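K.L.:
Each chain, written out:
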Amino acid sequence: MKFCLVCRQPPWEMNGKLYKLEVNNIEYWATVIGGTSYNGLAFDQGEYDLNYEYFNEFDLVMVALKQELVEIGIKIKKQSSAKVVIFVDAELEHFTSDMRRDLQARMVELLNIADAVAVIHDESIPFFKLLTSKPVGLVGLPFPLERVRKLCPPVQKREEIELGSIMGAYWLRNRNGLVNVVALSEIDLPGTVDVWHPVEKQYVEAMREYLPIPPIRFREAYGWQDYITEANKSLLGLHLDFRLTWGRFPVDCAAVRMPCVAPATFYTQKKLFPDLCVPYYDIDLVKTLVNRLITEPSFYEEVVAYAETQLDFFSPELTIARLMNLLA
Amino acid sequence: MQFCLISLLPPSPLDGQIFTHEVYQISQWATIMQGTHYNGVKFDQGYYGLPYEFFSEFDLVMVALRSQLIEVGLKIKKRSTTRVVVFFDAELEHFTTYLDRELQVKFVELLNVAEAVAVHHESHIPVIKRLTKKPVGIVGLPFPLRRVREELCPPVEKELVIDLGSALGKIASRNGLMNIAALSEIGLPGAADMQDPEELEYLRVMRRFMPIPPIRFRDTSYFGSGDRVKLWEEYITEVNRSKLGLHLDYRQTWGRFSVDCAAVRMPCISTPNFYAQKILFPDLTVRYQDVEQAVNLAKKLIKDNSFYEEVVDYANSKLSFFAEEETKKRLLNLLD
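Chains as they are written, first to last, in my numbering: chain A, 169 to 496; chain B, 671 to 1006.
Think of the hints as simulated: they come from the structure by calculation, not from any bench.
Possibly wrong hints are sitting among the right ones.
[Said to hold, decoys possible] Subject to a maximum C-alpha distance of 35 Å in a straight line, what follows is the list of computed DSBU-like cross-link-like pairs (lysine-lysine):
id : chain 1 : residue 1 : chain 2 : residue 2
1  : A       : Lys438    : B       : Lys970
2  : A       : Lys251    : A       : Lys302
3  : A       : Lys455    : B       : Lys999
4  : B       : Lys828    : A       : Lys297
5  : B       : Lys799    : A       : Lys438
6  : B       : Lys828    : A       : Lys325
7  : A       : Lys439    : A       : Lys369
8  : A       : Lys369    : B       : Lys745
9  : A       : Lys297    : B       : Lys969
10 : A       : Lys369    : B       : Lys913
11 : A       : Lys438    : B       : Lys948
12 : A       : Lys401    : B       : Lys828
13 : A       : Lys234    : B       : Lys745
14 : A       : Lys234    : B       : Lys999
15 : A       : Lys455    : B       : Lys799
16 : B       : Lys828    : B       : Lys913
As the structure is a computational prediction, the values presented were derived from the model and not from experiment.
Using the sequences provided together with the hints, build the complete structure.
P.N.:
Printed below as a string of structure tokens:
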């Protein structure tokens, strides 16, 4: 099958070539199907010097939908003969509230002219089914487990909590990072997190005047491989996000054999760590669960073992199978 | 007590005078405390020609907090002798995610230099009380119940129309598309505030693909231009005609719409993210993404008159919690 992903990942030299990249992000779709990828905005602006008829070359185009790609998805469908699957690539609230209103109307059109709609949380299915007569189903992101298991052998874990988000300097890097910091203060174990800008350290330092924030080891992010290799050294993951979305972080945690405390608004958290699901604001419950994980090795091992039994669901094979079933 | 409210409400000739108008907006705090109001951003820009020391004249200043008023709140506290209560005027996520990071740091400082922090959802408390050593408690927004019941909204014959807490909107949408999706499935006409005539065009496009029932649009939006007091009076008078309310919002917040519905004696289907909804309509509380359950409840309310009356009666028994006296008491207890 000739496959093309159209997404918002920054343009780079691999665009248009056969993907081999194995990472836990949207571009892994191009790798697992043996296809390629383009940045949708750059494509629309002519940066690849290709017209929309170019998509005739593909059997299937996956549009990783955020508001910026609504019009581009419509152009692909209308100006080429490719089958188009819409991959819902943001939290549900992005589409129901944050999206520009004219684009909401256009999105409804796109959902109806596309061939199928792949969602990332089972609880968003009823909503999308009301917007389109096309098939809607849970697909999710494939995870490069084999590669991660090679990169991340079992190691002696550090007494550190891996935070899914900190108070990021960039808008999109902040996913309730302040709530993670609040919880960490209550747990009283050191934290660790990737930073994207040195100013993030200053934010935490300034808050220490009022909050007993434990030491946080800030790592400079050099890419996903470095991140997952470092995450492997942490004892457990914590991410108190409020968005109704897929949740890549719990899969990362499960893959490196550590528990993750997060809300059930992450589909992956419900699937992998049902006993560690908490409402994002329930700091007392977070504290109780983390203390239990630290003081009860059998509980720690039990939740990790359970997650291990569920990891297959995220494998490229099963994820592709869900996509193909949706299109069948 | 000399009271002053600082908010983002547009400046008006009433600013600086004793507030007397009764509407279900943040300004109601100035009214029930027999105090006054200033727009915080305009105050900071010198629009009123007053220095921050001016606030020393007040016993209590309430800062209705959103991102734009964090610096203003700090200046009030640092440059005057007044007591300051921080009143959360946005959903929790506004402060934990959407705030600029520099402001998040100042936000934590403000919570610690103020005298108390008034929140509007119990789920805020576990997070906020860890950010400050100052008292944190649920206070909420006072509702002008007597005025609504006795002056504006007598019992009327309800029309078979579903009032939407939000439609698509132009300036702001509160999950309006979720409300419209649910309405399509319920199949009854809707009514909603309209922020811009463009919304009709959006609906026209969507109707090619979705069976959206007729929606009566009202030009009574809070975000519209014109006299906001008059707009609110028209809004609540119109809401009174509807059979039930529907608002599938995702924000962790107070939820004024649920109180509006209870006050005009109609059920409201909404989410536990609205604190008011949990108190008033526990049997009609659904997760915002659970459109199927919302649709089932709407159909049950239409068919089952005793269920309809039961939930309205229950809400009625809880309404005093939202009235002026009780709300004021919660504020004063927090400051004790």
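K.L.:
For every hint, state whether the structure bears it out.
P.N.:
A quick look at each hint next to the structure:
1. A/Lys438 with B/Lys970: holds, 30 Å
2. A/Lys251 with A/Lys302: holds, 13 Å
3. A/Lys455 with B/Lys999: holds, 33 Å
4. B/Lys828 with A/Lys297: Holds, because 31 Å separates the two Cα atoms, which is no more than 35 Å.
5. B/Lys799 with A/Lys438: Holds, because 28 Å separates the two Cα atoms, which is no more than 35 Å.
6. B/Lys828 with A/Lys325: violated, 64 Å
7. A/Lys439 with A/Lys369: The given pair, whose Cα atoms are some 33 Å apart, holds under the 35 Å limit.
8. A/Lys369 with B/Lys745: holds, 25 Å
9. A/Lys297 with B/Lys969: holds, 19 Å
10. A/Lys369 with B/Lys913: violated, 53 Å
11. A/Lys438 with B/Lys948: Holds, at roughly 24 Å.
12. A/Lys401 with B/Lys828: violated, 63 Å
13. A/Lys234 with B/Lys745: violated, 39 Å
14. A/Lys234 with B/Lys999: violated, 46 Å
15. A/Lys455 with B/Lys799: It holds: about 15 Å lies between the C-alpha atoms, which stays within 35 Å.
16. B/Lys828 with B/Lys913: holds, 5 Å
Checked against the numbered hints given earlier, this structure breaks hints 6, 10, 12, 13 and 14; the rest are met.
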